[in-house]
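Peer 1: One-letter residues, chain by chain:
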Amino acid sequence: MRAFTYERAKTPAQAAAAVAGTQGAKFLAGGTNLLDLMKLEIETPTHLVDVQDLGLDRIERGTDGGLRIGALVTNSALATDARVRRDYGVLARAIVAGASGQLRNKATTAGNLLQRTRCPYFYDTNQPCNKRRAGSGCAAIGGFSRQLGVIGTSDQCIATYPGDMAVAMRVLDATVETVKADGTTRTIPIADFHRLPGDDPQRDTNIERGELITAVTLPPPLEGVHVYRKVRDRASYAFALVSVAAVIHKDGAGRVAFGGVAPKPWRVEAAEPALREGAKPVAAQMFAGATPRHDNRFKILLAERALASVLAEIKEG
Amino acid sequence: MEFNAPAGPNLFDKARIVGKPTPRIEGPLKTTGTAPYAYERHDVVPDQAYGYIVGSAIAKGRILSMDSAQAQAAPGVLGIVTALGTPPVGKPATNNAPLFGGPDVAHYHQAIACVVAETFEQARAAAGLIRTRYERAGGRHDLEALVPGAPLAKGRDGRPDQRAIGDFAAAFAAAPVKLDATYHTSDESHAMMEPHATIAAWQGDRLTLWTSNQMIAWSKAAMAEVLAMDPAKIRLDSPYVGGGFGGKLFVRADAVLAALAARKVGRPVKVALQRPLMPNNTTHRPATIQRIRIGAEKDGRIVAIAHENWSGNIGGEDGENGSAQTARMYAAPNRLTANYTAQIDLPEGNAMRAPGEAPGHLALEVAIDELADRLGIDPIALRILNEPQSQVPGMPERRFSDRNLVRCLREGADRFDWARRQARPGQMRERQWLIGMGVAAGYRGGPATRSAARVRLDGKGGLVVETDMTDIGTGSYTIIAQTAAETMGVPLAAVSVVLGDSDHPVSSGSGGQWGAASATAGVYAACVSLRRKIGERLGFDGDAATFADGRIALGKRTLSLGDAGILSAEDSISFGPFKREYDVGTYAGHFAEVAVHAYTGETRIRRMLAVCDAGRILNPLSARSQVIGAMVMAAGAALMEELAVDKRFGFFVNHDLAGYEVPVHADIPHQECIFLDTLDPVISPLKAKGVGELGICGPGAAIANAVYNATGIRVRDYPLTLDKYLDRLPAVG
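Protein sequence lines correspond, in order, to chains A and B.
Residue numbers for the first sequence follow full-length UniProt numbering, so the first one is 1 and each next one is one higher.
Residue numbers for the second sequence follow full-length UniProt numbering, so the first one is 1 and each next one is one higher.
Treat the hints as calculated values from the structure; they're not laboratory data.
None of the values given here were measured: they were computed from a predicted structure.
All C-beta atoms in this analysis are idealised placements derived from N, C-alpha and C, irrespective of residue type, glycine included.
Take the hints with a grain of salt, since some may be wrong.
Claimed, not checked - Looking from chain A toward chain B, a few residues come up when the C-beta cut is under 10 angstroms (computed):
hint, residue
1, A181
2, S236
3, K280
4, A284
What the hints assert, rightly or not - SDA-like mimics (lysine to any residue), calculated; alpha carbons at most 25 angstroms apart, straight line:
hint, chain 1, residue 1, chain 2, residue 2
5, B, K556, B, A15
6, B, K298, B, V392
7, A, K39, B, V662
8, A, K180, A, T63
9, B, K724, A, T63
10, A, K280, B, V662
11, B, K724, A, D295
12, A, K39, B, R133
13, B, K724, A, R232
14, B, K178, B, Q162
15, B, K724, A, K106
16, A, K315, B, V662
17, A, K250, B, R431
18, A, K315, A, G289
19, A, K315, B, R604
20, B, K30, A, G101
21, B, K460, B, P28
22, B, K724, B, H141
23, A, K315, B, E430
24, A, K106, A, T205
25, A, K26, A, A191
26, B, K30, B, V392
In isolation and in its complexed conformation, chain A is listed as follows (with noise of 0.2 angstroms):
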């Protein structure tokens, strides 16, 4: 871990200033994330701004009937809202899927949205690659690549977005709020804030440095049963091979997102319409195009399998 520089910030135009004016800096909230990789040197921050006082710790409800998630809302706080439980469950489900309650009790709604990948050549300082310094290389590709990504990669990076709760939320039509230096704010749509690595895969969202998250808006609740599905090969505490995120009515319509597939949750809303059909069709058009390795190429058959378990049964009740 390399020294660094710390501060508290009071208001969150006032952090944002703090990190756009400071070479290397960066926001700390829960640091579940930040604070591993910087112990590992992946992270290298010269200053963290340190957010938690930021007040931006409370779920209300929005005037749209949606909900308003602060960004500082902890993953256990917002499982267990009863107004998520109840409106939301597919959020509910994908965060405690996640991590361990130890994590979850510290790990915050913006800091899970910028969690990084989870590539074994991303962790290890000594192997090249492109998503640590650019133009390093990757040595995933061709290495080992069981947990990356089938869809949306690019010749230089197969990481894949690690997390359960933003794919949820991408089912959800979650839009994030952000406050800028100059205390503009902005909203991005969930779809859009998370980006493919294509020759930038250091970037991993749309964000601008020194962007601020200051919250999540869910729209108003979603009619159907809420399933969040994760395959994985330990029964608790892994990141998903494949992930389900689905809102199914009773008609059989609905909506799907794939988690552990791609380097953002990965749903195809044109392949939603096929729902009817069954998991093959919807896959089918989810995964077109998709570049899977040799490690990694069970995923595709593994996504349209955990989608199948899930429509079967809620069709079984």
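Let chain A serve as the given structure and place chain B on it in line with the hints.
Peer 2: Just chain B now, with coordinates in the frame of chain A:
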């Protein structure tokens, strides 16, 4: 004390303390966080500095240069030991890979530097500033590709590791029912909770190491070789070990670099191996490829069995012998076992809990299940039909000392409700889950070796036991206290036990499942010696007197042990040649029920049972913990544990606990362990064999067999992750 003949009736047959469920005597220290583990021994020596190890970034080649000027100038840095600045240290025979020094790199994360600073954070930060340039060399990293040219392993006695009895080829060719199957097991990591850790301090030319180590005497001798110094000037102290599993049998980079760094900076230095270094810097269980051929009559009698095993190791040292147990299993007249080791450029393969047998059962006990399926015979019935009689197959001069495997299987079948199992696979379904049951036999040797102890009456009613035996979480403290209390006729609470200090008499140490049998016998020997001395001092015939309730008595005369004052005795147990006539083993019947998801292939264990035959069980509480812990490890090997090899660069990629998955609580819902009430008079005066490794020999195969029973899909490549059979699961909508 010489143990020269099987034990007759003795005091342990009427035991009041030995054999009774006894909570760990050191348990309160552990549950309150006050048991001093190596890295936290802040009080043993003042002025401790922190060392941080740098591992090689390449798997094979040479270091061209190391620039540590920036690191040296970093805040708090006291000194840096570098490989280029240090000639290669001695390599003890117990270590396969070089430990430290010189430009040559033999494996990934080989230690190449240790940075010492005032704080851990300063040492870590400075370590990141060292710039190393390498010249990469090509290597052999793919076991499968090395199989064709691999020579026979050297074997324990230096003879090629191959054994043939009868005429396997002819008998196999003529057999009406045949199985020929090849199985793959993975490289596995010990992943113990406490990493390798050492505090080293020099006093002149004397070195003290507070460390975490299973084998004190071996490691003291090894450190003397490493540093080319007189072993009498080295002291090791390892009273608490947070898990070893064979990974701490020998000295590793933490001890070597703590010693070198402490000498360099002139202060005590503490070093813990960082978790991400553990898989590549230390040792692991090598992967195996095992081919098993079995020929049987239609009635199930096996006429021919061959088990060939391939593994790799660095420097061509022997690897993992999966055929180890097969010589003692199944009474076929025609037999072949062979063990090949390829020279492979991966980190060092070395002992991990039940080396050989653990992966060996994953192959053999699935092969038997496959044969049973082919024959249409229940797999338990098939095993019982082929159970050897009193002799080791093909070795009429060696008889089993006490073998009750059939009882284990029968009792297990009753307890597990085996009759509910459907012989035809894929018949049991609950909603989206396919349910299956599996069984496997288990065998692991019951070794015992020379072990010494000192016992002392402290003159205040207490009895102190001192030995360099270790407790690696196994319960050694407690069984030693039980043995001493029983033999001396004092309450358990009167006994205090001091372990892990090389200044104390040399014990067996903890390894190869021999610690419990050997160390308790050594303590018994010392106690018998003390009884004689007490008798002499108080005017009794110590051999004839009885010791009970804190008193010595003979006829009507009785005195308190307190009257003997302060008195100590030291002795050892050693085992005579009569044992060569016997094969001393431990046996188990392992059962598992699993659910396999019909859509996704996720396998979840529902329940596990082990019925164990290991002679007298010294402490049913800690023995049960040993067995169920080993069952968890077996479940890991069967379902998820795999060090993934990057065959291009020659290293284990998933080298942390996020990437190398071991079972969590949710994977292990229900475990049961039953011990048969047996005694083995050949093992030791206590008639008790170790169980620490028996529990990992078989459960993985039982799980694999249950997966087959659930799905009808046979996977011969461990771990049985869903990607290996997803496309063979039933079609879904």
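Peer 1: Does each hint hold? Answer for all of them.
Peer 2: Comparing the hints with the structure gives:
no. : hint               : in the structure
1   : A181               : violated (29 angstroms)
2   : S236               : holds (4 angstroms)
3   : K280               : holds (8 angstroms)
4   : A284               : violated (14 angstroms)
5   : B:K556 with B:A15  : holds (23 angstroms)
6   : B:K298 with B:V392 : holds (24 angstroms)
7   : A:K39 with B:V662  : holds (23 angstroms)
8   : A:K180 with A:T63  : holds (24 angstroms)
9   : B:K724 with A:T63  : violated (50 angstroms)
10  : A:K280 with B:V662 : violated (33 angstroms)
11  : B:K724 with A:D295 : holds (10 angstroms)
12  : A:K39 with B:R133  : holds (23 angstroms)
13  : B:K724 with A:R232 : holds (14 angstroms)
14  : B:K178 with B:Q162 : holds (22 angstroms)
15  : B:K724 with A:K106 : violated (36 angstroms)
16  : A:K315 with B:V662 : violated (35 angstroms)
17  : A:K250 with B:R431 : holds (20 angstroms)
18  : A:K315 with A:G289 : violated (30 angstroms)
19  : A:K315 with B:R604 : holds (24 angstroms)
20  : B:K30 with A:G101  : holds (24 angstroms)
21  : B:K460 with B:P28  : holds (23 angstroms)
22  : B:K724 with B:H141 : holds (22 angstroms)
23  : A:K315 with B:E430 : holds (16 angstroms)
24  : A:K106 with A:T205 : holds (22 angstroms)
25  : A:K26 with A:A191  : holds (24 angstroms)
26  : B:K30 with B:V392  : violated (43 angstroms)
In this structure, the earlier hints numbered 1, 4, 9, 10, 15, 16, 18, 26 are contradicted, and the remaining ones agree with it.
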